[in-house]
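**Q** What follows is each chain in one-letter form.
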Amino acid sequence: MGEISFRLNGQTVRVADADPHTTLLSWLRQQGLTGSKEGCAEGECGACAVLLLRPDGSGSRLEAVNGCLLLLPSLAGQEVWTVEGLAQGRALHPVQEAMLQGGSQCGYCTPGFVVSMAAEYYRKNREGFDLEALSGNLCRCTGYRPIRDAAFALGRPSQTDPLAQRLALPAQAPESLEYSPPVGAAPASEPWRFYRPVSLKELFQTLAQHPTAKLVAGGTDWVVEVNQRAARAGVQVDLSQIPELQTLAWTDAYVEIGAGVTLSEAERWLEGRIPLLAGWFPLFASRLIRNRATLGGNLATASPIGDSPPVLLALGASLVLVSAKGERVVALEHFFTGYRQTLLQPGELIKAVRIPLPLLPESRFYKVSKRPMDDISTVAMGVALSRSRAGLVEAIRIGLGGVAATPVRAYQTEAFLLGKPWDESSLRKAVQVIKAEFQPIDDHRGSAAYRTAMLGSLLWKFYSETQGVMA
Amino acid sequence: MKVVGRAIPHESAREHVTGRALYTDDLWPRYPGVLHAWPVQAPHAHARILRLEVGPAYRVPGVVRVLTASDVPGLNDSGLKGDEPLFPAEVMYFGQAVSWVLAETEEAARLGAAQVAVEYEPLPAILSIQEAIRQESFQGAMLHARRGDVERALQESARVLEGELELGGQEHFYLETQASLALLDEAGHLLVHSSTQHPSETQEIVAQVLGLPRSQVTVQCIRMGGGFGGKEVQANPYAAVAALGAYLTRRPVRVRLNRLQDITLTGKRHPFYARFKVGFSQDGLVNALQMELYSDGGWSQDLSEPVLARAVCHADNAYYIPHMDVKGRVCKTHKTSQTAFRGFGGPQGMVFIEEVMDRVARSLGLPPEVVRERNFYGVRPESPTTHYGQEVKDAERIKLIWDELKASADLEPRREEIRRFNAQNPHRKRGLAITPVKFGISFNFTPYNQAGALVLVYQDGSVQVNHGGTEMGQGLHTKIQQIAAEALGVPLEAIRVMPTRTDKVPNTSATAASTGADLNGGAVRDACEKIKARLAAVAAQKLLVHPADVVFEEGWVWSLWKPEERLRFAEVVKAAYAQRVQLFADGFYRTPGLHWDKTRMWGKPFHYFAFGAAVSEVEVDGFTGQYSLRRVDILHDVGDSLSPLVDLGQVEGGFIQGLGWLTLEDLRWDARGQVATRSASTYKLPSFSELPEVFNVRLLPRSTEPGVVYGSKAVGEPPLMLAISVREALRDAVAAFGRGSMVELASPATPEAVYWAIERVREKALVSGD
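Quick mapping for you: the protein sequence lines, in order, are chains A and X. Position in the first sequence (first residue = 1) + 3 = our numbering. Position in the second sequence (first residue = 1) + 2 = our numbering.
Worth double-checking, as some hints may not be accurate.
[Stated by the list, open to error] Here are the computed lysine-lysine pairs in the DSS-like style, where the Cα-Cα straight-line distance is at most 27 Å:
| id | chain 1 | residue 1 | chain 2 | residue 2 |
| --- | --- | --- | --- | --- |
| 1 | X | 279 | X | 83 |
| 2 | A | 438 | X | 766 |
| 3 | X | 766 | A | 432 |
[Unchecked claim] Facing chain X, according to a computed beta carbon distance under 7 Å, are these residues of chain A, among others:
| id | residue |
| --- | --- |
| 4 | 35 |
| 5 | 43 |
| 6 | 48 |
| 7 | 86 |
| 8 | 90 |
| 9 | 91 |
| 10 | 111 |
| 11 | 114 |
| 12 | 143 |
| 13 | 449 |
| 14 | 453 |
[As the list claims (entries may be wrong)] The following residues of chain X were derived to be distant from chain A, with all beta-carbon distances above 12 Å:
| id | residue |
| --- | --- |
| 15 | 50 |
| 16 | 51 |
| 17 | 81 |
| 18 | 112 |
| 19 | 135 |
| 20 | 140 |
| 21 | 148 |
| 22 | 193 |
| 23 | 363 |
| 24 | 364 |
| 25 | 368 |
| 26 | 386 |
| 27 | 466 |
| 28 | 560 |
| 29 | 594 |
| 30 | 703 |
Derived from the structure by calculation, the hints contain no laboratory data. In this text, all values refer to a predicted model and were calculated from it rather than measured experimentally. A virtual CB, placed ideally from N, CA and C, is assigned to each residue, including glycine.
Isolated chain X (complex conformation) (with noise of 0.2 Å):
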């Protein structure tokens, strides 16, 4: 039996369940005179910094060392575009950290932090992208994908809507925040633990700061308590902040957040504000589309630019739109720095142009379904092509999900249900809605679409793999595991996947844009196959066999002439061994195909797309706004799933994350810019109460993805967007409460939001009908 495709539990399950798991701030107890750190957060959105005194902090018992610009021996930057200085001179967002104060214990360490005497020169703040829109305070280029000419197009229309939407953004709210332990090793030399989603950039930024050769330090991640893009970039200020402190003192440092300091100090995903302009004709095939997007991408550049990217590659969605013009910003506010955030842009993309489907229908009295279906790639008759010129590869696989899942899900009988319950109950409300998912996979940054992997097989036959992906609970050294099982030939136990550390595997890219199976993988089965062709020629000898008639599996080896004849993996590693044969091998992978002329946003910036289609059901009850998923039924498209159980849950977590973003989680700033659901009480993430009563989850079958390893496909990020499905369906049940006419929803849709959604729709329909 195959171990790629067998469902198992997470590589970790065990040691999760009870609660073995070692995390990042896991470790420090284990380190005698470990220091805390604390930091200083500056009191102003925009501020320049007069005087900072650290001389009293000193006076508390047990401060240690504060740490200032002064103590930089490197670079003062914690980024790779020289706009984020650890130590800033100008304050640039509300909690902004100073200097941070290094302690024998975290409440001296706290203590000290709040004598660190500083005066600031306030400045003025802009706080919101309509401000930054009117100061025209931006960041990087504009970007620009067009197809066709959008104005002639528009002019040429039947129908012409007009229209805007902001999105509010989201805190990643990983379970486990930041943290970081640096500590110098047997050597002398920086080994620095840091729950990373990149270690070769926290490496190189650690490097950057301390002004060391990258050699010099080394960064491991055991494992993270959920990432989502949160540590993609974001991780590397704090384990600058430790090495610096072990660097200084030559004791291992600390350094983690409280939710409180991680959510004021850390980015989360872009609000974003669009404006479109749609012509289509009467029977709603969308024949244009301008579009113009703002994301507020707060006080630094990070990762904004490549999320706005995929935010415009992202609004087209499932549908083919001949004539498109999408322009994006980067607006630069007083804020945290926003970051990338699972679906990285992708989603709010896809969120306008969903928007913008719904209205076209509802302005012409159709279906929204309806609607959506006619304007598929691959059901209009033009050849489909995105409008970054990019074939959409399978195209047939959108309806062909939409339907089975129409089908399946007993679509058409549940809207005639529907119908009913909402013309016997005034003041309760269902309703239901269709939305189609297509998401392109590959970094549009086409260097990071690389990877590597080591692979080392000792004389017992047992393996360890090293790879430059990072576990966030995604299940990548699942997948990983039984990938390496599988091209050795060996039980899944024989496997170990090693934490990651970039000594072992140097260069690797961030573990994101749902890339972490399809290129550590094609990584480490390149490795893996590279060992068994060497162990095939051993085998070959002994079996009198070709090598390629020898077959490996489950920890056997035989060859198709006598399968009877077997001889045990350990036994033929021995044999090997004493023949000098080389037991160990690197891995490599490098995406085929892509190219991309990031100026003119032209070419194939990704290998694949994946696929998906969701059904939503509400019940919506008209006094408060409020609601409850009733059901939800999901067909996705993974490819040959590596690891079911594992796919399935990022089939499913996915959808509850990006329901939690589109309805509950509502993310605000107070007026002096300051972060005002800054904890778990105040910021509400999904919990048992919005698990649907029903929850359909399947993943398409017979979907072989070639040219992924085994057939697979991504799936950290596109399910996320199956959950504008409920988005629609609060739409489509706020409707009912009116006569039909359209329907402005803000997002995220809290109740609040919806109940004024109901009471705009009351109104037209007064003025309207009676």
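With the rest of the complex left out, here is chain A (with noise of 0.2 Å):
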């Protein structure tokens, strides 16, 4: 109850009494293993990279992921290695050797590239180096090629590799776990309690006992919340080991993806099957953050900056939505009904996306942002558009956030294009409609009048890649 006990760097460890809420990274650091960083706690800056075991085929692969968003109960019986368990003794590991040729200045985003890269470095079948891996570490002092230059001399693991050879055998599959450190830990007088129910079933029990718990999937948004602006939830329940919210279907009428899914998860098994996911995966956060985050705490949050709703509403997605009662399917254009308010009942959560077939033939993901890589939208949109033989707009759909307190579809302009041609006359108009259908506000991310001026320009940007014109 009062203990969990993980793998780190191939040892087993045993740890009693810690608040639920703490991360992995402070932990790290409070016992002396201060290879890892704190940067930023908020998982932007990647400083703070560890190594986790996950499940992979009759194997396991590991995965890079931010150690100041990843809560320690969350990891028992997982493995973990850190910067300290890469090198054998004295010999430095490949990639360690690889960054020693200008890779480090300060040193200290060194251990979380090292961790990044290392990642990349064992990725199965992998063709050179995704520098994707990289895409959510921060350097301020290299300005990154001496890094490049690195993972790009980079070769492949040996056969003696120890961690390659534990990547031949499987993950160890995490156990339910009640963890409830005795009172004394909490400021309340109720302990903290921390469930990673391993069924729906399971998780239904817990929630008809803590109505109220903190449902927490991959962390992303949550811990960040805990690291940031000290939130605490006296109930956590861990949803990443639940096998339910693990679906990934491709049926004659949808694709679905489970809302536990990681989003690196959906990316490999989609395999670009979906254009317009296919682009807009890479812009969604980092690889490190992709790694833990869900489309179905992505939703759930109901951000209205939230990178997946523009994209998903372009796709025409719904929503499958399950509680102890049973299940629900909704729309999700009717599934945001405020400010981060969903239609989500108390005790009811998403267990899939589904995405209906036949998509749409033409469509694109914009995002604008101050910098193209790991960043927040000022404003995003998906737009998805079937056109008839006679160049008819015959479906139109599209998704956009940044312009409104929740992910909205741009009814009215959808409304107005549907059923003319699909020309500058009309998109001359569809502009007007779109610049007034919505009144975004002003932040430092941007401007009204720029968001404003953006819906219109990017429906102009779809417009002239639909015409073949290079843009």
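With the hints in hand, could you dock these two chains into one complex?
**A** Right, dumping it as structure tokens:
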């Protein structure tokens, strides 16, 4: 009850009486394992990256994740490697060796880069080095060129590489967990509780006891609240080990992605089969975040600038919601009811996202942000279109983020365009419609005027790209 | 083979990659009974504190001590100008720490801080440069540098332009936030581990706050996880809090800001505003420039005046302007105390003059690079002397670098390619620009241009090197290791560079102004040469030659007469010991020839200038203003590089940091004076996506700088300003959306700023063209 154990750098460690809000990073550092650093405590800088062993077919794989966003009890029964576990005595790990030639200056971000690089190094069947693996790591000194060179110079793991050998064997399946350190660890009289159910049935039993429990999927939003705004929850329920939330299915009528599937997992499984999503994944946060974050989490937090709603709205997605009473299917366009409000009832959660087939033939995702990589959008637009032979708009869906209190569909604009010829004259008018349809706000990401201008601009951009003109 | 000039990895690279390199906040788990500190931050930009009640905090389990002004045994001030109370009676900026809570855990300290009851009387706040100018809220004196008769020259110029520009600030965002750990040593004296660029000043401040002689306080900096100027003076308050806590509780005290606290508590690069009036000929020769600079200094004086001085001294950049008049003022606002940041005002001064050059060129319909090069020092016929009276030594190097870079970067052919691309693409435009850098090296504050070292040789031939410089990633210790190895003639491995401590070398200068290697390298070399001279006398006896003919190299000692007769360095050292010859030495260096009349702003403030140039090419999306950096070529002058891998890293890293400031890093304050972009999710640093696809960086060959250690030049700051080429390339691309008119581009040139710039040139094109 008050203790968990997990594997750390090949050794079993036990943790007793830690506040369940403790992150892996802060615990590691308290133990004197100070190689992992805190640069931001919100999953933006990657200085805290660690490797987490995950199941992969008959073997396993290593995923780099932000140690600052991992709640310690969620690691029970899992395997973690930190930067300290990579070198073999005096012999550096190949990624460490590669980073020596100018890859570090102040060295503070370096362990995180080494870890992210190691995850990519061990990725099975990789061709070359995918720099996306480093999209969640920031360096303030080097300017990245030497790090890129180090990454591109990497070879492949040898037969005798101990971690490569480990990956041939399966990851241990985490078991159901109830973790509750004794009273005294918590300032309130009630002890903190942390549950990790391994079935929906078990989840609903827990929720029956604790109806206001905080549901945590990847933790990439909740743990930021814990770290940055000192949010605390008496009861936290970890959804990451529930098989019913991990579905991946391609049927005749729809594609189903379980709400608990990580974005990286979904990206791998889809293999580009949904072009709109293929263009979108790399723009969603970073690899470190995508290794934890889920579609269910991104939708349930209902942020007006969440990245998944605009594409999923453009895809016409619906959601399977589940509670102890059963399932229901709702259209995503009706899911958001207000600023950070949704249709979800107490005790209900998202089980899966369904994307109807066939897909509309032309689609794009646009994200306007200050930085192309790992930034929050100022305005995001997902758009999907079908044209008749005569060139008339047969179907169009425009999903938007950053222009209203919730993610929204541009219904008026869609209605205006429906049945009209897809040409400059229609678009000229449609731009006026969409600019009038929303009243975005000013903030530090962008002015209201810019956001309004972008509504029109992105529609134009999409139009110009459908014309085969180089945009 | 020479050790100096060899491309070797960072001295701590192995420790970095394994996670074994220790930083200040990695130390506390080694000490039992550490207390953790948390600040009580004020929720007003300007307010009087009416009541501060600490009692409730003590009811939180684990809270041990709450620090307030009445606990300060010495002076309640963490600065040297008397305007930085550690525990203020009047809140001067949003988020200012008014009290600190010490507790057994960080969580308890946080909960305790939330219980400290503070009552405030809000006061009116000044939150912008414009408001400060209106209310004449300034700090320090007006700075004024001038030459010639600007008024008359403006009247006599064929063309005159006026303009203004605002530049945003920049958050340092060193990956390691401010950190200190203070404890009482075996003798009951204070040992303060601090992530500081200036251990001697940190020592001074701790002693000042505690009312102790400085000899009772030792400050050590192992290394920093980045500094960039942000830890030149601003490490001091946190070291003082930790020291005060340790002094009062007799327990180790850890102060470590989290990112949110660091961004809201500490100063940034100064935002600037400038008005200018420029007179020039039809050929683009600038005859007269009048410029008024205003910086946003924030709440305390800090380093704002020297920063402004450097801005005034760099408003010429690489250009000879016969009649020049530059005035500067520091605005006092209710914001974080803006401070040193890589370039130290130089970047702001230089962006302004590059803005002027571009406007001059576009107003005449001339290519900007043509106007730039016509005005270079060394190209114009006049003697190359700056507006503050210093001759620009090696001025011809500006044009030399320029021409070489234009050729190696294929500037002309690419201009053609871009013209074709732009003609074919209505919605995407490319832009290209080349800009120069001339940056003065030395502290404007002359006394800082000195350094000391202490070199210890042990009987086995191994060496400890102590010096006053700090390692923040810039590779200073790597260079020092090379200098010491070269000067003593021993292998690199024989040299151990020690963490910087105030009990080894006293009264040191900040590691800043790019001078770390020049100053400390000079001092270390001096110490090594003293020891070597003594050893040479010993070896000469053994080898039966004159000491001047003894050679020390890679751990071997021999004579020019009989190179085959070789002694081990350790052998000579042992013999020296036996003969009672001193095996350690101090070293000292003072930069020669500096003089500076601060009130007239006239003299020779800089030992020399560092030069460079960069060509950048961008592609801009006309729909959104988003852009990408396609290619960058840089040629930069580091003299004879002490350590080419380190120098290359400084050039590349400085460039990317500069482009962050000018394009991406959008520092915002809200209407209440709170930093709005106070996290990594809202304040964006350059990431892999800003790394140009093609990035060619070369160091200028054959460029020995006489009078500097091993012919090298300083490298820390100058490359940052190479990034001005990115801003100018963006402007060039924006211009291509219109009809070659002037382009007003805000800074930072975020996608939104670029979009509005495009909209303005489109409108102008409609008005004038259709």
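**Q** Against each hint, give a clear statement of whether it holds in the structure.
**A** Hint by hint, here is what the structure shows:
no.	hint	verdict
1	X:279 x X:83	violated (35 Å)
2	A:438 x X:766	holds (23 Å)
3	X:766 x A:432	holds (23 Å)
4	35	holds (4 Å)
5	43	holds (4 Å)
6	48	holds (6 Å)
7	86	holds (4 Å)
8	90	holds (5 Å)
9	91	violated (11 Å)
10	111	holds (3 Å)
11	114	holds (4 Å)
12	143	holds (5 Å)
13	449	holds (5 Å)
14	453	holds (5 Å)
15	50	holds (28 Å)
16	51	holds (24 Å)
17	81	holds (26 Å)
18	112	violated (7 Å)
19	135	holds (24 Å)
20	140	holds (28 Å)
21	148	holds (38 Å)
22	193	holds (19 Å)
23	363	holds (28 Å)
24	364	holds (25 Å)
25	368	holds (30 Å)
26	386	holds (31 Å)
27	466	holds (21 Å)
28	560	holds (33 Å)
29	594	holds (30 Å)
30	703	holds (20 Å)
In this structure, the earlier hints numbered 1, 9 and 18 are contradicted, and the remaining ones agree with it.
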